[in-house]
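Work out the full structure: start from the sequences and follow the hints.
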Amino acid sequence: MQITWKKVTGVGLFVVLIGYLVSVWWSIEPDTLTPQQLTATEKNVVGYATTTSLILTVETLLDKQGGWLSNDVMPPSIFMDNMPAFEYGALEQVRDLALIMRKEFSRSQSQSAADKDLSEAQAKLNIDHTSWLVPSAESEYRDGVKLLKLYRARMMDTNNQDAQFYARADNLNEWLKEVQKRLGSMSQRLSASVGQERLNTDLAGDNAARQSTPNLASHQVKTSWWKIDDVFYESRGASWALLNFMRAVEVDFADVLKKKNAEVSLKQIIRELEATQQTVWSPVVLNGSGFGLVANHSLVMANYVSRANAAVIDLTNLLSQG
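Quick note, the sequence shown lines up with residues 20 to 341 if you use the working numbering.
Please keep in mind that the hints were generated in silico from the structure rather than gathered at the bench. Warning: the hint list may mix true and false statements.
[To be verified] Keeping only pairs whose Cα atoms sit at most 20 Å apart, straight-line, the calculated PhoX-like set for lysine-lysine is: (1) K83 - K165; (2) K168 - K122; (3) K122 - K135; (4) K122 - K196; (5) K135 - K168; (6) K122 - K200; (7) K286 - K196; (8) K279 - K196; (9) K165 - K135.
Here you go:
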C-alpha cells in the first residue's frame, strides 16, 4: 500500500479536527450550584450548606467534561488555556474558603484547637494545580474532598461535639475581607486590558508610612495581549466559585444577616456574580479600546466584578456595626 502526502495530510487534518472538537467540548463551563443542592438534608444543621458548597465545587471541577485539565501534558489539553485559567480562578476561591473554615468558621475563639480534618483538607487543596506526577493534583483534591465530607458527617452528628460550625458576624467578615482582596485584584487586572497610567497610592492616608524600596509616582499598567483571555477566564472561574459560596452563606448565615438587616446586600452580591456567568457569544475574547467599534469583554467583566466588590464592602460594613 502506497502512502502519499495527500493521505498523510488528510489524516493530519482529521486528527486536528477531532482534537479541536474535543477541546471545544471540554471548554464548556460547569453550571453553578442550585439552592436545592445546598439544602438537600433532613437536618437543618448550620454549616451544612457552606461545607457542601465547597465539596461540590471541587467535585464539579474534577468531574466536568475532560476532568481537571490544568495538569494535562497531552493534546489537546496542553494547547488549551481558557479552561485551565477558569479552574485556577475557582481553585483560588476554594483555597480561601478552606482556610477560613479552618481558622474561623470551625473555631469558637482564637485559643481553640483547629479541626484536624479541615487542617488536612486545606493542605491537600494547596498542592500545585499543575502537578501531574505523584502525587497528582486530582488525587490530592479528591483526598481533600473526602476529609471535608468526614468533617461534615461529624458536624451533623448530634452525639459528636468536636466538629462545629460557628455562624457569626465576625467569622463571616473575616472571609469577606479575603473576598474583597481577590475581587479588587481581579478588577485591576481586567481593567488593565486596555492599558492606563496609574498614580502611585501605595502610602496614601498615612504620612508616617514607609515601604521597602521607592516607587515611581505613576506607572503604565497593561495586561499582555497573550494573557487577556487567561485573565478573563480566571476571573470568570473565580466568580463562578464565589457565586456557589455566596448562595451557601445566604443559607447558613441567614439569622446573622437578618439581625444586621443585610439580606439585600448579599442578594446584590449574588446578582452581580450571576451577571459574570452570562454566555460569551464571541468565539474569542475581544479587547477593544475605549469607546471603539469592538467590544472589550474584560472591561465588561471588570464592571460586574467591581460592583460585586462594592457590595461586599457594604456588607462588611453592615456586619461590623453593633
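Comparing the hints with the structure gives:
1. K83 - K165: holds, 18 Å
2. K168 - K122: This hinted pair holds, its Cα atoms lying about 18 Å apart.
3. K122 - K135: holds, 11 Å
4. K122 - K196: holds, 14 Å
5. K135 - K168: Within the cut-off at roughly 13 Å; holds.
6. K122 - K200: holds, 18 Å
7. K286 - K196: Given pair K286, K196 holds - Cα atoms ~18 Å apart, limit 20 Å.
8. K279 - K196: holds, 17 Å
9. K165 - K135: Distance of about 13 Å is within 20 Å: holds.
The structure agrees with every numbered hint stated previously.
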